[in-house]
Amino acid sequence: MSARLPDDGSVEERLADRVARVLRVAREDVRLTTLGMTSLMAMELRNLVLRDLAVTLPVSLVLRAPDISALAAEVQALMGSDRTASDAGGAVGSMERIEI
0 MSARLPDDGS VEERLADRVA RVLRVAREDV RLTTLGMTSL MAMELRNLVL
50 RDLAVTLPVS LVLRAPDISA LAAEVQALMG SDRTASDAGG AVGSMERIEI
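Residues 0 to 99 (numbering that gives the first Met the number 0) make up the sequence shown, in order.
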């Protein structure tokens, strides 16, 4: 699965939309550090990113990201490589492939 590499703003905009959707908040209220994303929400976001951008984002990375800009930078890095969740997440990566 390969995705076209959009510019930084495009990835950040898409992620902000998806995070707002997962957290069920207005887009302008999206701040990962203050909203308390749960692991199930992180999995939902990971699945949306996989579907929309063809990037397998480790759930642990979603939970550690302080804000959308940092998460967008990580997605961009993964889009520019052939890394998958198992490459970036070690043993946990294989467990993250389970769809809910």
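No lab work stands behind these hints, which were simulated from the structure alone.
Predicted, not measured: the structure shown is a model, and the values here were computed from it.
Where hints are given, some of them may not hold.
[Claimed, not checked] Pair ranges (Cβ atoms, derived): (1) D16 / P65: 25 to 31 angstroms; (2) D51 / V24: 15 to 21 angstroms; (3) E12 / G79: 30 to 36 angstroms; (4) A25 / S80: 29 to 35 angstroms; (5) V24 / G79: 26 to 32 angstroms; (6) R20 / S68: 24 to 30 angstroms.
Just so you know, even glycine gets a beta-carbon here, dropped at the ideal spot from N, CA and C.
Results for each hint:
1. D16 / P65: 25 to 31 angstroms: violated (19 angstroms)
2. D51 / V24: 15 to 21 angstroms: holds (19 angstroms)
3. E12 / G79: 30 to 36 angstroms: The hinted range 30 to 36 angstroms is violated for E12 and G79, with Cβ atoms some 18 angstroms apart.
4. A25 / S80: 29 to 35 angstroms: At 33 angstroms between Cβs, range holds.
5. V24 / G79: 26 to 32 angstroms: Holds, since V24 and G79 (Cβ atoms, about 30 angstroms apart) stay within the stated range.
6. R20 / S68: 24 to 30 angstroms: Given a distance of about 18 angstroms, which is not inside 24 to 30 angstroms, the answer is violated.
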